[in-house]
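Colleague: This is what each chain is made of:
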Amino acid sequence: MKILVCISNVPDTTTKITFTDNNTQFNTTGVQFILNPYDEIALARAIELTDGGNGSVTVINIGEAGTEPTIRKALAIGATDAIRINAKPHDAWYVAYQVAQYVKANPFDLILTGRESIDYNGSKVAAMLGELLDIPSVSIIKKLEATAADATVEREIEGGKEVLTIPFPFVAGCAEGVAEPKIPNMRGIMSARTKPLTVVEAVEVKTFSEIISYETPAPRGQVNLVPADDPAKLVDLLHTQARVI
Amino acid sequence: MSVLIYAENAGGKFKKSTFEAVSYAKAIADQNNTTLTAISIGDVANDDLAALGKYGAAKVLNVTNDKLKNFINQAYASVIAEAAKAQGADIVVLSNSFSGRGLAPRLGVKLEAGVADGAVSLPEQNDGKFTVKKTAFSGKAFAVVELTSTNKVIALTPNSYKVVDGSSVAPVEDFSVEAKASDFKEMIKDIVRSTDKVSLPDAEIVVSAGRGLKGPENWGMVEELANLLGAATACSKPVSDAGWRPHSEHVGQTGIAVSPNLYIAIGISGAIQHLAGISASKVIVVINKDAEAPFFKVADYGIVGDAFEVLPKLIAAVKEYKASA
Numbered sequence: 545m546k547i548l549v550c551i552s553n554v555p556d557t558t559t560k561i562t563f564t565d566n567n568t569q570f571n572t573t574g575v576q577f578i579l580n581p582y583d584e585i586a587l588a589r590a591i592e593l594t595d596g597g598n599g600s601v602t603v604i605n606i607g608e609a610g611t612e613p614t615i616r617k618a619l620a621i622g623a624t625d626a627i628r629i630n631a632k633p634h635d636a637w638y639v640a641y642q643v644a645q646y647v648k649a650n651p652f653d654l655i656l657t658g659r660e661s662i663d664y665n666g667s668k669v670a671a672m673l674g675e676l677l678d679i680p681s682v683s684i685i686k687k688l689e690a691t692a693a694d695a696t697v698e699r700e701i702e703g704g705k706e707v708l709t710i711p712f713p714f715v716a717g718c719a720e721g722v723a724e725p726k727i728p729n730m731r732g733i734m735s736a737r738t739k740p741l742t743v744v745e746a747v748e749v750k751t752f753s754e755i756i757s758y759e760t761p762a763p764r765g766q767v768n769l770v771p772a773d774d775p776a777k778l779v780d781l782l783h784t785q786a787r788v789i
Numbered sequence: 088m089s090v091l092i093y094a095e096n097a098g099g100k101f102k103k104s105t106f107e108a109v110s111y112a113k114a115i116a117d118q119n120n121t122t123l124t125a126i127s128i129g130d131v132a133n134d135d136l137a138a139l140g141k142y143g144a145a146k147v148l149n150v151t152n153d154k155l156k157n158f159i160n161q162a163y164a165s166v167i168a169e170a171a172k173a174q175g176a177d178i179v180v181l182s183n184s185f186s187g188r189g190l191a192p193r194l195g196v197k198l199e200a201g202v203a204d205g206a207v208s209l210p211e212q213n214d215g216k217f218t219v220k221k222t223a224f225s226g227k228a229f230a231v232v233e234l235t236s237t238n239k240v241i242a243l244t245p246n247s248y249k250v251v252d253g254s255s256v257a258p259v260e261d262f263s264v265e266a267k268a269s270d271f272k273e274m275i276k277d278i279v280r281s282t283d284k285v286s287l288p289d290a291e292i293v294v295s296a297g298r299g300l301k302g303p304e305n306w307g308m309v310e311e312l313a314n315l316l317g318a319a320t321a322c323s324k325p326v327s328d329a330g331w332r333p334h335s336e337h338v339g340q341t342g343i344a345v346s347p348n349l350y351i352a353i354g355i356s357g358a359i360q361h362l363a364g365i366s367a368s369k370v371i372v373v374i375n376k377d378a379e380a381p382f383f384k385v386a387d388y389g390i391v392g393d394a395f396e397v398l399p400k401l402i403a404a405v406k407e408y409k410a411s412a
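Protein sequences appear in the order of chains A and B. Count along the first sequence from 1, then add 544; that gives the number in my numbering. Count along the second sequence from 1, then add 87; that gives the number in my numbering.
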């Protein structure tokens, strides 16, 4: 099975988010970038599905040269090879379009993404890719089992779950439960240095959205402490003051 | 030019997030001096369809094709896109639900539309610019996105827009689209819906607990409090990692982001990743025995105390309040 895993390069989860240029640019100073945690889950499952020579796992990233450490980490975890489409990822449509162009020329049986990226919280690339390639897409999956002909996935729905069988090829956005992220071992780290990483130039495409500014949430006032032996006071405040119960 | 709202149902019933999305879409239609049409797919009672008029729908398109009884991402996107074209709708609104997150991007491609998912407020339309505020960095910030395309798709975050209730009844029209066979490759084998539990992303109140509860055997108290308040239960990442609670309850930067009216955090210290997923909550209550826990810095109300001593008293107090209400 040939699997493609789309990976993005995102600020570490501990990053304090600040902006520059009158709140129009994300401040990357001192920010450590990592492989998007959900993409790690997708990658881990792809590696499990191709274990023992049962296919290959290609990772693809839309990014400038600075994203290569993240791509090398994916190779160290166990991806077979990597593609970097040399461009700044403008928005989800731009990313999906670039990946779709690549896939049209280089077909895969299965395309996995994380359920969303933790920077812009978009969960759009999987479904956009599905539409651009005219194949099914499932946006948030919790489980993925595969046979030679099709896959069974468990999808999260409001207040429950849904089990679906889907023929290949399809796209799925992976969430927790699909696999446990893998930690690269020394052998993986060494071999990642020599695994193929191909740089492809981006194709031109019109985009439909633009982030024009950022805002940070309004700071909250000081906490109103209630004595531990009087939770009835808390209930009263939630009812009369906050009006939430 | 008009606005189309996809009115999502769960098991044949509209949810509160759907009424929020209809109310939101109506406000956008008003901004543009145009009308709002709703589209429903699947088996929903006629009275419930007509009742969408209360929230501002001028007309409801009803799609009842047997093949579309259950959600199929590709097929639903095709139907909604066809409806948008048939109605001349250039703005399509839907809820940023699990299904909405699959539909909005496919609609974006089909309609060549910019997509603002995770929208948290009404669009601003000035000098020909159409901007929407959306969540970013898992709640650590918001991004203002300009949609530069003629057609636009907006997916509204649950609990971020108030339901506006009126008294109109909307006419219901059947709407049919010739379904493409290639849209039906997914086969649904099973749907398991737990009707007694409140869905986490939609919940107005969330009761969440962390490692301070010491073990899964102690979650009875958390569930009891949640049941009393009609709340959903949630947990921190270490708790779901340890297998005490399912991953679907993990709230935070790498879990589900929630935006309830009330978030009660019990025995959770408040790591930056957890705070990221809950910062959109309107009111935050923290119960923790460590007075220095970072969570108290973002809380509106707090109790410094041991969960095992505070929770039983809190449960008793809520019971008393409920009995007197």
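The set of hints was computed from the structure by calculation and includes no laboratory data. Some hints here could point you the wrong way.
As the list claims (entries may be wrong) - Listed below are the simulated PhoX-like cross-link pairs for lysine-lysine, each with C-alpha atoms no more than 25 Å apart in a straight line: (1) Lys400/B - Lys384/B; (2) Lys705/A - Lys154/B; (3) Lys686/A - Lys272/B; (4) Lys686/A - Lys384/B.
The model shown is predicted, which means the values in this text are computed figures rather than measured ones.
Colleague: Against this structure, judge whether each hint is valid.
Modeller: Hint by hint, here is what the structure shows:
Distance hint between Lys400/B and Lys384/B is fulfilled; the C-alpha atoms sit about 24 Å from each other, no more than 25 Å. For the hint pairing Lys705/A with Lys154/B, the CA-to-CA distance comes to about 20 Å; that is within 25 Å, so the pair holds. A hinted pair counts as satisfied when its Cα atoms are at most 25 Å apart, and Lys686/A with Lys272/B qualifies at roughly 20 Å. Straight-line distance between C-alpha atoms of Lys686/A and Lys384/B comes to about 33 Å, which puts the hinted pair past the 25 Å bound.
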